[in-house]
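Visitor: The primary structure of each chain is shown beneath.
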Amino acid sequence: MIDFEIPEKIAGTRLVVETVAVNMMRPVSRYFDEHEHEIPWDYINFMHTATRAMGGASMAPSEGKKEGPRFGFQRLAVMVEVLSWGDAGIYLDTPGGMLGSAAVSATGSPEQKERFLKRFRGETPVFDAMCMTEPQCGSDTSAIRTTAVLDKEKKEWVLNGEKIFVTAGHKAMLDSEGFIVVWATIDTSAGRAGMRPFVVEAKTPGCQVTKMEHKLGIRASDTVSIVLQDCRVPFDNILGSPEVVSDKATTGFKGAMATFDATRPIVAAQAIGLARATLELLKEMLTERGVTIRYGLPRQKLTSIEKDVIEMEIQLRSAWWLVLKAVWMMDNGKPNSLESSMSKVRAGDVVNRITQKAVEIMGPIGYSREFLLEKWFRDAKISDIYEGTGQINRLVVARQILGYRSSELR
Amino acid sequence: MYSFEPSDEQKMLIDAVSRYATSDLRKAAHDAEESKELPPKLISKGWELGVLQASIPEAYGGFGERSALTSALAAEELAFGDLAGALAVGTPGLFALPVLLAGSEEQKKQYLPSIIEADWKPYTAALIESSFDFDPNDMKTVAKAEGSDYILTGEKTFVPYADKAEAMIVYARLKKETKAFIVPKGAAGLKVGQEREKYMGLNAIPFFKVTLEEVKVPKANLLAGNFAPVLDASRVAVAAMAVGVAKAAFAYSRDYAKDRDVFGVKVAQKQAIAFMLAEMATEIEAIRLLVWEAAWAIDNKKEDASQRAYLAVTGAIDMAMMVTDRAVQILGGHGYIREHPVELWMRNGRGFATFTGLAMV
Chain C
13 MIDFEIPEKI AGTRLVVETV AVNMMRPVSR YFDEHEHEIP WDYINFMHTA TRAMGGASMA
73 PSEGKKEGPR FGFQRLAVMV EVLSWGDAGI YLDTPGGMLG SAAVSATGSP EQKERFLKRF
133 RGETPVFDAM CMTEPQCGSD TSAIRTTAVL DKEKKEWVLN GEKIFVTAGH KAMLDSEGFI
193 VVWATIDTSA GRAGMRPFVV EAKTPGCQVT KMEHKLGIRA SDTVSIVLQD CRVPFDNILG
253 SPEVVSDKAT TGFKGAMATF DATRPIVAAQ AIGLARATLE LLKEMLTERG VTIRYGLPRQ
313 KLTSIEKDVI EMEIQLRSAW WLVLKAVWMM DNGKPNSLES SMSKVRAGDV VNRITQKAVE
373 IMGPIGYSRE FLLEKWFRDA KISDIYEGTG QINRLVVARQ ILGYRSSELR
Chain Z
291 MYSFEPSDEQ KMLIDAVSRY ATSDLRKAAH DAEESKELPP KLISKGWELG VLQASIPEAY
351 GGFGERSALT SALAAEELAF GDLAGALAVG TPGLFALPVL LAGSEEQKKQ YLPSIIEADW
411 KPYTAALIES SFDFDPNDMK TVAKAEGSDY ILTGEKTFVP YADKAEAMIV YARLKKETKA
471 FIVPKGAAGL KVGQEREKYM GLNAIPFFKV TLEEVKVPKA NLLAGNFAPV LDASRVAVAA
531 MAVGVAKAAF AYSRDYAKDR DVFGVKVAQK QAIAFMLAEM ATEIEAIRLL VWEAAWAIDN
591 KKEDASQRAY LAVTGAIDMA MMVTDRAVQI LGGHGYIREH PVELWMRNGR GFATFTGLAM
651 V
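Which chain is which? The protein sequence lines are C and Z, in order. Going by our numbering, the first sequence opens with residue 13, and the numbers climb by one from there. Going by our numbering, the second sequence opens with residue 291, and the numbers climb by one from there.
Just to be clear, a hint being listed does not mean it is correct.
As the list claims (entries may be wrong) - With beta-carbon atoms standing in for the labels, derived distance ranges:
id : chain 1 : residue 1 : chain 2 : residue 2 : range
1  : Z       : 421       : C       : 155       : 57 to 65 Å
2  : Z       : 561       : C       : 65        : 45 to 53 Å
3  : Z       : 624       : C       : 347       : 42 to 50 Å
4  : Z       : 297       : C       : 241       : 45 to 53 Å
5  : Z       : 541       : C       : 64        : 48 to 56 Å
6  : Z       : 305       : C       : 401       : 34 to 42 Å
7  : Z       : 619       : C       : 157       : 34 to 42 Å
8  : C       : 293       : Z       : 436       : 51 to 59 Å
9  : Z       : 297       : C       : 152       : 16 to 24 Å
10 : Z       : 624       : C       : 66        : 30 to 38 Å
11 : Z       : 305       : C       : 48        : 53 to 61 Å
12 : Z       : 553       : C       : 57        : 55 to 63 Å
13 : C       : 31        : Z       : 541       : 44 to 52 Å
To be verified - EDC-like, lysine to aspartate or glutamate: derived pairs with alpha carbons at most 16 Å apart:
id : chain 1 : residue 1 : chain 2 : residue 2
14 : C       : 313       : Z       : 551
15 : C       : 313       : Z       : 425
16 : C       : 164       : C       : 255
Claimed, not checked - Far from chain Z, some chain C residues (derived; all Cβ distances over 12 Å):
id : residue
17 : 32
18 : 244
19 : 275
20 : 398
21 : 412
Calculated directly from the structure, the hints in this document are not laboratory data. All residues carry an ideal CB built from backbone N, CA and C; glycine is no exception.
For reference, chain C alone in the conformation it holds in the complex:
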């Protein structure tokens, strides 16, 4: 039965998270934008204490109960949307399982999940990160050069390579006892079939954070480079099978893709939160200046600003439903690669269109650093880039709707 009503359980959570967004994020938004690389510990500690108090280790959906309807990813999407509404950069500093944990959840064994994820339930906040991109490759993950060689005697994997653009890498490896998930190849001749994710824990010798980037936006979130030099991890730190399955099977790569099915709608939810914040503030600013939006009129009677705002609202709402549909499918065990990528395509577009238009409409006020519109304009751009650029996600959508493999649609 089609239903657009938020489940009561999620509505309650949403309310709590909203309080956090209003009281703990918005007031410090500007400060952390202007003090890049400072860490919002107040927010981090509060979130850690709060999630512990609520009995959860992280925001990530738990494996817990099997009966009754499952809401995990829907709840997560709603929470992320609200936190990102608070501040898209600070949200990325939320402790507990994020992208790294998502990879562990999607491809790890029960033992691995216990071993790697239990740290989030401890006394202090812990972070994780995903390491995919390398200096010479971004979207084309099959070109990853980081290698993992098995030392059979010591039963260890030896990792070598360089990863860049690692979100929260500093916090995962230096500011907490967290971990990163490193994508590496176990057989350089096998292409995608050789790709595997490895968990590398904080303080592992041979793993070093080498650079912190200075960015256009989401400045409250650290983005680092990580060098792996003869970095040894236990055999059991590989997620998924250690065998290279021949015959063009691409289990490892599929593992990455399965992770994306879960994470893309979450990143899309983040875009939506930011877009909603922008549209709400824009409408508020317009109202203060005596502009009201007259819904229901034919376009011919609308002012240009009214047309823009109504258009934004259509974009925003429809994109949000795509996100919710994708996570709802996830919760209900329905394959959602198509919907997941669609939601990311749409949300990435929408957040940029909305923030760009809002700055344009408000003129010098929009461009001023006294207000948040210009910050959100800068924060927005990343949503169409990370977790698969808009173009990569179009490619994924296109392959799905056309029934093409990657070799057929390059």
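Given the coordinates of chain C, assemble chain Z onto it according to the supplied hints.
Guide: Coordinates of chain Z only, in the frame set by chain C:
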């Protein structure tokens, strides 16, 4: 609780409607457009699916309860087959649904059974007026109370089957509000245009201008209820049909692109085309959910249902134009030829900006 899956009952209806839409409506669409006529048997067969009948309670001759969502799902499927056929089959709804939504108990008992229990008959409605900034909430057609009657004056356009209609609903401004009035066939001062109107699309349906020269109707012919739910019902219907047409255009151009060779590969293997298709599919799905949301809001009596219906139809107008235009573009020169249906869908696609009033759910 969020869910994006139709109920089993809805799925059964969608299946039945879908069979009719693809094996009957779609096959007849081209000839109907060219010969400017839909075979009466085709319309009857669609009528017998009972989409409208299922929206009318038993007390008034139907066998169900109105669900804007269920009807929107059906409307989408019908329009996937052919928009003209979908509108023709649904024309009696233009009369019956406003009676259901805004009429009194007496009016429902008086009018609904004779429409619902019979074969398809042309009952219709006159909403649209011929001005560039036509606004359903600010009509030029006016109604004035005079003794025990209302006097209707104005000019309507785009009225389907007006020449043969048993009765029609005429929308007019009464004081400052839009209201619906039942005008019987042959009322004095009611003039149906001599010639059919000619439009860019929907040539299979006979449309007429209707002039009201001080047409007198008894006060009992006013549907006293609010116009808003009636307008919402039409906006959602039109939006759902826009989704249906867009889906048709998308599927056709996708299949064509997968079939046709270019530079040693299929057209669809070029990212320029593949990305167009990806964006079309995404746009359709996004707006489709917006339409469902609006229909759901109507069924659940949400306060902002009108606003949601407005957003849905506004989004659908742009989506349909974007998708149908691209479908023609993907077929290239072939898209421009009337042997392929995409040019017809493109003409339909532009029309959604104007079609509010031609469909109801």
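Visitor: Does each hint hold? Answer for all of them.
Guide: Hints, one by one, checked against the model:
1. Z:421 - C:155: 57 to 65 Å: 60 Å, holds
2. Z:561 - C:65: 45 to 53 Å: This hint holds: roughly 49 Å between Cβ atoms.
3. Z:624 - C:347: 42 to 50 Å: 34 Å, violated
4. Z:297 - C:241: 45 to 53 Å: 58 Å, violated
5. Z:541 - C:64: 48 to 56 Å: 51 Å, holds
6. Z:305 - C:401: 34 to 42 Å: Since the Cβ atoms of residue 305 (chain Z) and residue 401 (chain C) sit about 39 Å apart, the hinted range of 34 to 42 Å holds.
7. Z:619 - C:157: 34 to 42 Å: Since the Cβ atoms of residue 619 (chain Z) and residue 157 (chain C) sit about 40 Å apart, the hinted range of 34 to 42 Å holds.
8. C:293 - Z:436: 51 to 59 Å: Because 52 Å falls inside the window, the suggested range holds.
9. Z:297 - C:152: 16 to 24 Å: 43 Å, violated
10. Z:624 - C:66: 30 to 38 Å: 60 Å, violated
11. Z:305 - C:48: 53 to 61 Å: 57 Å, holds
12. Z:553 - C:57: 55 to 63 Å: 59 Å, holds
13. C:31 - Z:541: 44 to 52 Å: 46 Å, holds
14. C:313 - Z:551: Not satisfied, since the Cα-Cα distance of roughly 46 Å exceeds 16 Å.
15. C:313 - Z:425: With a Cα-Cα distance of about 9 Å, the restraint between residue 313 (chain C) and residue 425 (chain Z) holds, given a limit of 16 Å.
16. C:164 - C:255: Holds: residue 164 (chain C) and residue 255 (chain C) sit about 13 Å apart, inside 16 Å.
17. 32: 23 Å, holds
18. 244: It holds; residue 244 (chain C) is separated from chain Z by about 41 Å at its closest Cβ, greater than 12 Å.
19. 275: 18 Å, holds
20. 398: It holds; residue 398 (chain C) is separated from chain Z by about 19 Å at its closest Cβ, greater than 12 Å.
21. 412: For residue 412 (chain C), whose nearest Cβ neighbour in chain Z is about 9 Å away, the distance does not exceed 12 Å, so it is violated.
In this structure, the earlier hints numbered 3, 4, 9, 10, 14, 21 are contradicted, and the remaining ones agree with it.
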